[in-house]
Amino acid sequence: MGKNHNRRVIRFLEILPGALSWCIIAFFVALAIFKPVYCAVLIIVFDFYWIIRTIYLTTLLVMANRQLAKQRSRNWLGSCQKIEGWNGIYHVIIFPVYKEGLDILRPSLEALKGTHYPLEKMIVVMAFEERYKPAAEYAQSIDKEFRGEFFDLLTVFHPDHIPGEKRLKGANATWAAKRSKEYLRSKGIALDRVIISCFDADTCVDKEYFGCLVYHFLTAPKPHQASYQPVPVYNNNIWYAPAFARLIETSASFCQMIESMRLEKFVTFSSHSMSFKTLVDIGYWPVDMISDDSVVYWKAFLHFNGDYRVVPLYTTVSMDAAYSSNFFKTLWVQYKQKRRWAWGVENFPFLVSRFFENPRIPLVIKARRSFQLLESHVTWAVWAFIIGIMGPLPMLLGGRFFAQSAIGHNLPRITGLLFNFTVFASLVWIILSWTILPPRPKGVSWFRNVIMVAEWLIVPVVILVLGSTPALDAQTRLMLGRYMEFSATEKTRKVV
Amino acid sequence: MSVDQKIRAFFYYVSVAVFLIGLPFILAFSFSYKFDRRSFKFTKTGIISIRTQPPGALVALDKQVLPDKTPMSVPELLPGRYSVTLELEGYYPYISEVDVDAGRVARLEKVILFPLRPDIQQMNRERISFFWRDETKSSLFYVNRDENVVYRSDLEGNRFEQVCSFTPIRPQPKKWEVSPDRTRLFYFNSRQVGIVTLPQGRKNRDAGSVVILNFPSDVINDVFWYADSYHIILICSRRILICEAREDASLVTLVNLAKRNASGFYDAHSDSLYFMDAQEAPDGNVYDNLYRLEMRNRMYPFSLPVLLL
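Same order as they appear, the protein sequences are chains A and B.
This note's numbering applies: residue 1 is where the first sequence begins, and numbers increase by one.
This note's numbering applies: residue 1 is where the second sequence begins, and numbers increase by one.
Next up, chain B with everything else stripped away, as it sits in the complex (with noise of 0.2 Å):
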C-alpha cells in the first residue's frame, strides 16, 4: 500500500469515528439535550427564542443578562418558569414571564420595543378646532371654527391648503363629509346641513359657494353623499328623506319610521340604504328589524349621469 493510500485510510477511519462519535451529540443537540459532563448524561431541556422589533435588544433571563442580543435563541434551558427582561436604550423595557418546556420552543417572536420619547409631529400649520379623515384615506381636513375656514393635507401633514370658507350653523355641525366625486362638502347640525362647494380648478365657476338647507319641522340625524354626489340623504327623526344639494330642493321621503331617532346608514358601493326600524309583528309585540332599501329601483328617475348635473 502507497503512503498516499495509507494517509487516505488513516483519513477515512478517522471520518468514520467523527460520524459515529458525533451523530449522537448532533442529534442530542436537535432535540435539545444537555449533556452533563459530571454525571455523564443526557438531559432533556427547552429554549427560548426571541425576536424583538427593533433588535437589539439585551436579554436578562432571570435577572442574569446574556452576552448576544435579539434575535437570539437561548437553548438548554431546564423545564421550567423563567422571568425574561428586554432592554433596549431609548425604549420602554418588556418584561414577561415564560414557560419552557422539554424539548419545545418557547417563542417571544413578536416583541414590540416602544419608545420611550415617541416622535410626534404636528400635522396642521394653521390653527384648528377639530379634523376628520376623508373616505378615501387618503387627505386630511381640518376645520377653524373660529375663522370658518377648511384645510386639507395628506396624511404626512403635507401640501396643507385652504380648500374653502364655510357658513357657520348653530348649533355647531355634527358631522362633515365629502362628496364620492370630491366636489362638494357637507356638514349638519339636527336642523341645518350647509353645501360647499370645493374649488376644483378654473373650471368650477361655482367654487366657495355655500349653500344652507333648513328642515325646520325634522331632527336630523344623520346624513349621507348619495353615490352620483348631488343628492344628499337624510335620517332624520321620523323618516329618511332624500333631496338635491342645492338651494329650494324638493324633498323625497323614501321611509316614514315607526322608531323615533333610528339609525341607519347608506351603501354607495351597493347604492343600498340600511335602516332600523320598529314593527309590530303578529304576536302583538314590536320589534326592532334592520331593513335594506334598494335605492336603484326606486331613485332611478335621480339617478342622471354625472357628466349632465
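For reference, chain A alone in the conformation it holds in the complex (with noise of 0.2 Å):
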C-alpha cells in the first residue's frame, strides 16, 4: 500500500464517525420535517432500545459495584503471599506531570506509601517536562520528601521538541518508561517481573491496589497478554466540587465500571497498569496522540494479533474532579475533559488502518471491534441530540397532519415514559453513588449530602449539555482534520 493511498485511507476513516454522527442528525430533521410518522418510528425504536440498554447496563453497574464492595476490602497481599514468586515482581510506578504542584503530587506520593505492599518493590519515577521551569523544584522537593521510602525514586525531565513527538502525556510517559527501562537493566531487574503503572499525576490508589494487582498479574493465564484496569474514581476533591462536576465525575466512573463487566469491549483508560516488557515490545504509548491510555491497549492488541485484553481490577484509583472557581468555567472545564475523553475516536483511523496491515487477526474480530469502537463512538455523539431534542422535532415540525395522527398523539407520552425509566435509572445511581463516595471530611456540613442526593434532578440538564455535544465536537474536528492539542484538564484542590 503506497505512503499516499494510506493517508487517504486513514482520511477517510477520520472522517467516517464524524460524518455518520452528523448524517444521523440531519437524516432525523429532515424525516421530521418530510416524513414526520418515520421519524416519530425511529425515534420510539431509539427510545425503547434506550431504556432496555439503560436497564442492561444499570444492571452491569450493579453487578460491577458488588464486586467493588466484595473485592475492595479483601486482603490482596495476602492472597499474594500464597502464590510462589510474588516477591519477585517490581512495580515502576510512573506519574507524568505537567503543571501539577506539590499540592497534588504530595498526596499521590504519600497514598503510595500507605499502599499495603512492600515499598521496597516500588520505582516510583516522577515524569517532568523539562519546558514547565518551576518542574525542577518541585523535583527536589518530591526527592528531598521521598528519597529512601521506595526502592527507588527518580525524577526525569522530558526534553521539548524530541523529532516525531506532540507535547503530550504520552510522549512524557514514554520518555520516563525509556529511562526506567535503563535503570531496570543497571540493577539486573527482568521487564518481565516487571509491572508499569501510568498514573495521572493526581491518582491516589487504593492501599490494595498493588496487591490486587500483582494477584491478578500472577494468575493470569497470559499475564503479559492483559492490562490491567483498576476503577476510576474522582473522590480526592468530590466534596468540595459543584453538583455539576460531581455528578458528571461520578457518572464517568460509573461508565467505566460498567465497561468493566464486558470484557469483550473493556479498553483501558486513564490510570492502569501491564507488563513492562509488553510495554517496551510494542513501542511504548504512543508519543503523537492524545488518547494514550487506550491507544497503547490498541497497541498491544495488534502487536498480540488480538489475543490481548484488559484484565478488571475492583480496587480503586482516585483522582480530583476537575472543576473551576465558578458554574461556567466548571461546565468549560468539564466540556474540555470530556471532548479529550471523546478524541479517543482517533483509536478508529488508527485501529482500522492497522488492521489492514495485519493478516492474522481474524477477520471476525477485525469487523467486531472496529464495528464496536466506531458503533460507540457514533451513539456517544449522537443519543443525547436523539433523546433531547429530536424527540419533540416531529410535533414541532410535522404539521397538523401529524399532530392529528395516533402516533403524533402518542410520541410524547412513549418519550416521557423514557423519562421515567430514565429517572428509575438514576435511583439506583443515587444508591450506588453513595457506595464510592469517601467519608464526609471533617468541615464540611451535613446538608452536602442532601445536595449530592438532590444534584442528580440536574441529569436531564447535563445530558442535554455534556451528553452528546464533547463528542460530536470531537469527531467533527477529526472529520475537518483540524487536529487537538493536548491540554491539561484544570484541578482545584480546596483540601490537602
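Quick caveat, the hints were computed from the structure, so don't treat them as lab data.
No residue lacks a Cβ here, since even glycine has one placed at the ideal position from N, Cα and C.
A hint or two may mislead.
Per the computed footprint, the stretches of chain B lying under chain A, defined by three or more beta-carbons under 8 Å from a beta-carbon of chain A, are [stated by the list, open to error]:
#: 1; region: 3-17
#: 2; region: 20-28
#: 3; region: 104-114
In the BS3-like style, the derived pairs of lysine-lysine whose C-alpha atoms are separated by at most 30 Å in a straight line are [claimed, not checked]:
#: 4; chain 1: B; residue 1: LYS41; chain 2: A; residue 2: LYS35
#: 5; chain 1: A; residue 1: LYS70; chain 2: B; residue 2: LYS6
#: 6; chain 1: B; residue 1: LYS6; chain 2: A; residue 2: LYS265
#: 7; chain 1: B; residue 1: LYS34; chain 2: A; residue 2: LYS35
#: 8; chain 1: A; residue 1: LYS366; chain 2: B; residue 2: LYS6
#: 9; chain 1: A; residue 1: LYS121; chain 2: A; residue 2: LYS82
#: 10; chain 1: A; residue 1: LYS181; chain 2: A; residue 2: LYS207
#: 11; chain 1: B; residue 1: LYS44; chain 2: B; residue 2: LYS63
#: 12; chain 1: A; residue 1: LYS222; chain 2: B; residue 2: LYS6
#: 13; chain 1: A; residue 1: LYS178; chain 2: A; residue 2: LYS277
#: 14; chain 1: A; residue 1: LYS336; chain 2: A; residue 2: LYS277
#: 15; chain 1: B; residue 1: LYS110; chain 2: A; residue 2: LYS35
#: 16; chain 1: B; residue 1: LYS44; chain 2: A; residue 2: LYS35
#: 17; chain 1: B; residue 1: LYS63; chain 2: B; residue 2: LYS41
#: 18; chain 1: A; residue 1: LYS70; chain 2: A; residue 2: LYS222
#: 19; chain 1: A; residue 1: LYS82; chain 2: B; residue 2: LYS6
#: 20; chain 1: A; residue 1: LYS99; chain 2: A; residue 2: LYS70
#: 21; chain 1: A; residue 1: LYS99; chain 2: A; residue 2: LYS113
#: 22; chain 1: A; residue 1: LYS82; chain 2: A; residue 2: LYS277
#: 23; chain 1: A; residue 1: LYS166; chain 2: A; residue 2: LYS181
Please assemble the complex out of the two chains, which come individually in their own frames, going by the hints.
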C-alpha cells in the first residue's frame, strides 16, 4: 500500500465517524420535516432501545458495584503471598507531570506510601516536563521528601521538541519508561518481572491496589498479554466540587464500572497497569496521540494479533474531579475534559488502518472490534440529541396532519415513559454513588449529603449540555482535520 | 466464563428478547393498533383526546362513565361515532358527538364548561340610569339621570366616585364621551351639545362648569372630540361642522353634504374624518361614496398646542 493511498484511507477513516454522526442527525431532522411519521417511528425504536439498554447497563453497574464492594476490602497481599514468586515482581510507577504542583503530587506519593504492599518493590518515576520551569524545584522537593521510602525514586525531565513527538502526556510517559528501562537494566531486574503503572499526577491508589494487581498478574493465563484496569473514581476533592462536576465525574466512574463488566469491549482508560516487557515490545505509549491510555491497549492488541485483553481490577484509583472557580468555568473545564476523552475516536482510524496491515487477526474479530469502536463513538455523539432534541421535533415540524395522527398523539407519551425509566435508573445510580463516596471530611456540613442526592435532579440538563456535544465536537474536528492539542485538565483542590 | 459473565450474558439475551418482543407492541400502540387476544390479530383504532376548562370533568362515552377525569385520552376506540358527555359539579354538562377514525386523534380540546351560577358582581354603588366604557378601556362611566350626576370606576368596580354634575338636555342625550386628554365630557341630543369640565385636582378652576351649545338649525347625528380635546366635530344631517367647545364659539363648516343623515367618524390617530355622501356620476346616476378628509391640512390654524389652550 503506497504512502499516499494509506494517507487517503486514514483520512477516510477519520472522516467516517463524524460524517456518520452528522448524517444521522441530519437524517432525523429531514425526516421530521418531510416524513414525520417515519421520524416518530425511528425515535420510538431508539427510545425503546435506550430504555432496554439503560436497564441492562444499570444491571451491569449493580454487578460491578457488588464486585467492587466484595474485592476492595479483601487482603490481596495475603492472597499474593500464597503464590510462589510474588516477591520477585517489581513495580515501576510513572507519574507524568506537567504543571501540577506539590499540592497535587504529594498526596499521590503519600497514597503510594500508605499502600498495603512492600514499598521496596516500587520504583517511582516522577516524569516532569523540562519546558515547565518550576518542575526542577518540584522535583527537588519531592526527592527530598520521599527519597528512601521506595526501592528508588527517579525524577526525569522530558526534553521538549523531540522529533516525531507532540507535547502530550504519552510522550512524557514514554520518555520516563525508556529511562526506567535503562535503570532496570542497570539494576539487573528482568523486564518480564516488572509491572508498569502509569498514573495521572493526581492519582491516589487504594491501599490494596498493588496486592490486587500482582494477584491478578500472577493468576492470569497470559499475564503479559493483558492490561490491568482499576476503577477510576474522582474522590480526592469530591466533597468540595460543585454538584454539576460531581455528577459528571460520578457518572464517568459508573461508565467505567459498566465497561469492566463488558470484557469483550473493555479498553484501558486513564490510570492503569501492564507488563513492562509488553510495553517495551509494543514500542511504548504513542508519542503523537492524545488518547495514549487507550491507544496503548490497541497497540498491544495488534502486537498480539488480537490475543490481548483488559483485566478489571475491582479496586479504586482516586483522582481529582475537574472543576473551576465558577459554574461556567466548571462547565467549560468539564466540556474540554469530555471532549478530550471523546477524542478517543482517533483510535478508530488508528486501529482500522492497522487491521488492513495485519492478516493474522481473524476477520471476524477485526469487524467486531471496528464496529464496536465506531458504534460506541457514534452513539455517544448522537444519543442525547435523539432523546433530548429530536423527540419533540416531529411535533414541531410535522404539521397539522401529523399532530392529528395517533402516532403524533402517542409520541410524547412514549418519550415521557423513557424519562420515567431514566429517573428510575437515576435512583439506582444515586444509591450506588454513595457506595463509592469517601467519608465526609470534617468541616463539611451534613447538608452536603442532601445536595449529593438532590444534584441528580439536574441529570436531564447535564445530558443535554454534556451528553453528546463534546463527542460531536471531537468527531467534527477529526472529520475536518482540525486535530486537537492536548490541554491538561484544570484541577482544583481545596483540601490537601 | 466467570459467574458474572454468565449472569451478564443472561441479562444480555433477556434484554435482546425483551426488545425484539416488546418493539412490535410498542409500535402497534404508537399507531393505535389494538391487539385482540382472542383472534390474535391487531385492529387499527382511534383516539379521543379531551381537555376541559376547568379540568377534572367526568367523561362518559356512549353513556358509560370512564374512570379518568379530564384532561384525558380515550385510546383503542374502534372507528365510528361516539357520544361524549362531560360533567363537572356546578357546571353545565357538555354533550357532543365525535367521529373517530382509525389511526387518528379526534380532539375535544377547546371545551369550556360554563358555571351554573355565574359569579355576578354589582359594579355601581349609587343609583344609575346607564353606563359606558371609556375610550381608553380603563374606566367605566355611569350616569344618574334623575340626579344629573356622572360617576366613574375602574373596570373592577373599584374607586367608584362622583365625577361631575351636568345640566340636563331634552330629549335625552344620545351619546357621552370623554375628551382624549380626559379633562372634559360632552353629551348631545339632536339640537344641543353639553360640555362638562371634569375636575383635575386643584389646578382646574373651571371644574364642574357646564356649557350648553345650541344648534337650532341643524339636526346632530354624531359628535366626536377633535384630537386637541378643545374642538368638537359635529356630523349633522346636511353638513359637518367643527367648533370650539365653549360658549359663543364660531362654527366652521367642513363639508356640506348632498346626502341627508350621512354617517361618519373621526379618527384621531390619523387626524382624518371619514364620511358617507352621495355624488352624481357621469352616467347621471347618484352613488353613495365614502370620503376621507385629512384634517391636518384643513384645520391647521386651529391645531394649537395643548399647553397654550
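Hint-by-hint comparison with the structure:
1. Closer than 8 Å: that is the beta-carbon criterion, and the region 3-17 of chain B has 7 residues meeting it against chain A, so the requirement of 3 holds.
2. Counting residues of the region 20-28 of chain B whose beta carbon lies closer than 8 Å to any beta carbon of chain A gives 4, which reaches the threshold of three, so the coverage claim holds.
3. For a cut-off of 8 Å, the count of residues in the region 104-114 of chain B with a CB near a CB of chain A stands at 3, and the three-residue condition holds.
4. With a CA separation close to 27 Å, the supplied pair B:LYS41 and A:LYS35 stays within the 30 Å bound.
5. For the hint pairing A:LYS70 with B:LYS6, the CA-to-CA distance comes to about 18 Å; that is within 30 Å, so the pair holds.
6. At most 30 Å may separate the alpha-carbon atoms for a hinted pair to count; B:LYS6 and A:LYS265 meet this at roughly 16 Å.
7. Using a Cα cut-off of 30 Å, the hinted pair B:LYS34 and A:LYS35 holds, with the two alpha carbons roughly 24 Å apart.
8. Pair hint A:LYS366 plus B:LYS6 holds up; C-alpha atoms about 24 Å apart against a cutoff of 30 Å.
9. The straight-line distance between the Cα atoms of A:LYS121 and A:LYS82 is roughly 17 Å, inside the 30 Å bound, and the hint therefore holds.
10. The suggested pairing of A:LYS181 with A:LYS207 holds, with an alpha-carbon distance near 26 Å, which does not exceed 30 Å.
11. Simply put, B:LYS44 and B:LYS63 have alpha-carbon atoms about 23 Å apart, close enough for the 30 Å limit, and the pair holds.
12. Under the criterion of a C-alpha separation no larger than 30 Å, the hint pairing A:LYS222 with B:LYS6 is consistent with the structure, at around 22 Å.
13. For the proposed pair A:LYS178 and A:LYS277, the alpha carbon gap of about 12 Å is at most 30 Å, so the pair holds.
14. Taken as a hint, the A:LYS336 and A:LYS277 pair is broken in the structure, with Cα atoms around 34 Å apart against an allowance of 30 Å.
15. Restraint check: the Cα-Cα separation between B:LYS110 and A:LYS35 comes to about 28 Å, which is no more than 30 Å; the hinted pair holds.
16. The suggested pairing of B:LYS44 with A:LYS35 holds, with an alpha-carbon distance near 21 Å, which does not exceed 30 Å.
17. With a CA separation close to 28 Å, the supplied pair B:LYS63 and B:LYS41 stays within the 30 Å bound.
18. This hinted pair checks out: A:LYS70 and A:LYS222 have alpha carbons roughly 25 Å apart, not beyond 30 Å.
19. Our distance criterion of 30 Å between C-alpha atoms is met by A:LYS82 and B:LYS6, whose separation comes to about 28 Å.
20. Distance hint between A:LYS99 and A:LYS70 is unfulfilled; the C-alpha atoms sit about 37 Å from each other, more than 30 Å.
21. Between A:LYS99 and A:LYS113, the direct Cα distance comes to roughly 23 Å. Compliance with the 30 Å bound is thereby established for this hinted pair.
22. Pair hint A:LYS82 plus A:LYS277 holds up; C-alpha atoms about 24 Å apart against a cutoff of 30 Å.
23. The straight-line distance between the Cα atoms of A:LYS166 and A:LYS181 is roughly 22 Å, inside the 30 Å bound, and the hint therefore holds.
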